[in-house]
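Those protein sequence lines, which keep their order, are chains A and B.
Position one of the first sequence corresponds to residue 1 (our numbering), numbered consecutively onward.
Position one of the second sequence corresponds to residue 490 (our numbering), numbered consecutively onward.
For the record, the hints were derived by calculation from the structure and aren't laboratory data.
Built from N, CA and C at the ideal position, the CB exists for glycine as well.
Please note: incorrect hints may appear among the correct ones.
To give an idea of the interface, some chain B residues facing chain A are shown, with a C-beta separation under 10 Å as derived from the structure [said to hold, decoys possible]:
no. : residue
1   : K591
2   : P613
3   : M639
4   : R859
5   : F861
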Amino acid sequence: MYDIVIIGAGITGSSIARELSKYHVKIAVIDKASELPAGASRANSSMIHGGFDDKPGTVKAKFCVPGNKLWHKLKDILDVHLDECGSYVCAFNDDETKHLEELLQQGKANGSAGVEIISGDALREKEPNVSPEIVAALWSPEAGIINNFEAVNAMIESARINGADLFLETVATGLLIDDAGNVRGVSTNKGDFTAKIVINAGGVHSGEIASWAGDNSFKIIPTKGEYFLLDRATKGFIHSFLFSCPSKAGKGITVLQTAEGNLMSGPTATEQKDPEDRSTTPEGLAEVLKGAKRLVPNFPVNMNITTFAGVRANTESGDFEISALKSPRGFVNVAGIKSPGFTSAPAIAEYTADLLKEEFSDIVTFSPNEKFIPERCNIPRFLYMDMAGRKALAEKDSSYAQIVCRCETVTEGQVLEAIHRGARTVSAVKMMTRAGTGRCQGGFCCPRVAEILSRELGIPLDEITRHGGESKLLIGKTKEFLLKGAVSE
Amino acid sequence: MSERIDVLIIGAGPAGVAAGIGAKREGAERVVVIERDWDLGGILQQCIHPGFGLRTFKEELTGPEYMHRFIQQAHEAGVEFRTNTMVFQIDRENNTVWTMNKERGIESLNPSAIVLTMGCRERPLGAIRIPGTRPAGIYTAGTAQRFVNMEGYMPGKRAVILGSGDIGLIMARRMIWEGATVEGVYEVMSWPGGLRRNIAQCLDDYGIPFHLRTTVTRIHGNDRLEGVTVAQVDEHMTPIKGTERFVQCDTLLLAIGLIPENELSRMAGVDIHPVTGGPVVNDLLQTSNPAIFAAGNVVIVYDLVDNVSDEGLIAGANAARFAAGKITSAKRIPVNGGENVRLYSPQIVTGETDATIFMRVTHPIESACRVFAVTDNGTELYTQRLRYARPGEMNEVRINAVKLNESGNVSNITVDIQGVK
């Protein structure tokens with residue numbers, strides 16, 4: 001029996017879980033994925049927005065700037081990599097420059113600190129590789145780029161340290177409602193989770209989940225965004241986050257340097273029916289490349305190491321849907337969270353906790369958890385440590401003196417720690433340690449990570465999966481397979 | 490204080506083991522080879538098929554057999570090996586090499602000379618940006634080879650092979666031997682990437698279809714690979730509409746090229762050639778940093794391991810000479826690649842030694858042609874007639890030091906392969 005079940009352990013659900021773990025309430029977070037992050041929190045621009053882009057008065061505008069401020073604090077508390085690099089919106093002509101003025105005013109109204117318009121030349125002094133045709137740019141010094149893999153894992157880990165339970169590979173299949181019209185929990189593929197409050201943080205599935213509660217007031221329009229990710233050797237090609245000037249067609253293609261130093265470009269915005277279709281397309285990738293080259297003419301696409309796509313939970317209104325339903329009582333939507341969702345998440349979490357206290361104090365007691373531990377430490381990042389730190393670590397534990405991933409210099413010690421923290425798949429290790437995110441894309445470390453998983457978990461190597469489900473890496477032993485009677489056609 | 494090492498070699502594949510032998514033969518006292526794997530031999534450990542060493546030993550050996558002979562010589566010569574040890578940093582100011590392993594922890598070494606023999610790695614899927622999903626079941630051919638030959642596991646039952654590099658061809662046959670189906674090998678170019686003998690022995694002998702000017706245009710399946718779309722391409726490598734075909738498979742093996750592995754070379758600050766992707770070297774196999782030498786696939790990707798071993802011996806010997814103060818400043822005559830030369834190495838000739846320049850043509854020539862080297866003052870240093878020249882098969886020219894030094898004032902040399910009437 002839980003007090004609260006949160007459906008979805010993306011950045012929204014994880015942040016809410018952590019915020020609620022500041023109270024003496026029993027929390028379960030369920031997610032259908034085998035590793036975190038999985039949905040839109042995994043495949044996005046990893047941007048912590050400055051807060052100038054949202055129309056004053058919208059729900060987004062309410063949360064974006066406060067969320068930004070919280071991340072600048074949380075990065076140290078949660079030990080998350082946040083590059084506080086700022087962002088530029090680039091204008092190519094007078095019309096676009098006029099638009100920058102509007103964004104500037106909007107930013108001021110939203111409380112976005114330090115936003116200003118600079119000349120194209122001033123931009124090129126900071127970012128020599130941008131297009132010579134850019135005439136002006138809106139500078140937002142508070143914007144940043146976060147390691148989104150770390151951030152989601154940090155949030156959920158912090159929630160778990162403070163008592164929340166996480167259930168992966170757990171698919172919500174329906175809502176339990178009693179005769180009086182009160183929420184009684186969630187049914188899943190792993191059985192029922194009873195609870196007095198159910199929070200719908202189901203991302204791209206949040207519309208469907210809301211409909212279980214009879215709420216059809218909003219509809220999710222799954223919107224695919226495709227990206228290029230380049231070799232970390234591109235580090236320094238640009239140093240921040242470059243937006244195109246937003247048009248009717250959307251925010252447009254951006255170019256950025258990830259928190260770890262990879263050059264990246266995207267996203268497209270293609271509406272689709274299937275919320276799970278994360279395939280890249282020739283058209284989408286062509287659009288990204290065109291947009292990237294417009295901002296950065298010498299975009300070194302030959303150093304591409306992977307392409308990927310994420311599906312974001314757009315709503316018809318374009319705004320977040322955050323509310324507690326009157327009926328069934330106990331059902332809360334934190335739905336339609338898309339850009340600037342990652343930025344807003346900690347502020348949304350605070351608001352949601354307040355909302356719960358206000359609406360449901362009669363059914364759940366929210367007494368403060370005096371033992372709440374705000375801090376959490378990331379798995380040691382060997383690549384970024386100084387030599388003295390590396391030596392000390394290797395002396396303390398020799399598994400930190402064995403490299404597993406050569407591209408990102410990830411040690412066996414880090415992989416073991418990820419497994420200790422719950423990693424069960426090759427991708428989970430990747431999310432938690434960056435093993436396999438480099439230029440060889442796991443060619444070298446995938447077999448090694450699989451071997452360590454197999455050894456540590458006591459699972460045969462041919463049972464290890466890439467990302468859960470049916471994604472087994474291998475189909476069996478060699479001769480055994482031959483003897484089973486597989487015959488070449 | 491760090492220990493005294495004359496020649497430190499990074500990587501104990503065919504180039505590194507040979508470099509160790511070369512350095513000892515030249516009189517170096519302490520020669521240490523660092524290897525990140527638990528055993529010596531590099532990629533040849535997993536190449537259990539025969540076909541190695543025809544030139545060096547006049548017999549057909551498997552990869553492990555070939556390496557065994559060199560490793561034995563290295564042990565006899567007194568080369569020290571340090572396995573399970575990774576070089577993770579080279580400081581360019583003072584050539585300090587940082588290593589780590591479980592027993593010794595993190596150490597810094599300051600050798601008198603370094604030989605880079607890190608080999609190459611396979612181009613991953615991302616490099617060619619195929620649209621679609623990202624399921625399990627997509628491996629580079631070498632990773633799959635490791636699973637099958639070293640771990641004893643099968644990556645899948647029904648494979649498509651993209652690219653016709655040699656490891657892909659070898660793996661096509663290997664999958665068949667293990668009872669799997671190989672639906673076909675798809676090569677985007679108009680010619681094969683690997684050796685003709687491998688096309689014959691690995692594909693033709695087993696009836697595996699080989700499709701030129703065809704590539705994979707889409708990947709299907711969410712958890713495990715369910716299939717790929719293949720299509721023919723036009724002369725601009727653009728897929729031709731209407732030629733798309735869905736091919737059901739659970740495994741996609743990639744043999745789409747090899748990239749010299751030069752992260753450490755870049756850290757060490759040696760000049761990298763923009764086309765080969767390896768260090769710029771002279772015929773002593775010395776890089777732009779005089780104390781650092783390089784040999785084997787880290788410099789340019791070879792077809793035959795015999796050449797890699799030969800180059801390793803040369804680099805090791807010269808590193809030993811450098812450590813002993815016997816190489817000071819050398820003459821530098823740049824080598825230019827002609828019209829039909831895609832890549833070549835070494836790029837600088839000193840005239841101190843006879844030199845072999847290895848190269849690959851850009852476009853195949855399927856008729857009589859000649860490979861040659863000529864100086865800018867018109868002296869023909871080398872010429873040899875060939876029946877054909879193919880990108881998948883390296884060519885070489887030999888430059889005789891005496892002849893070069895007698896050629897008067899030479900400011901550069903051009904190597905090329907051209908058709909003859």
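Structure versus earlier hints - violations, ascending order: 4 and 5
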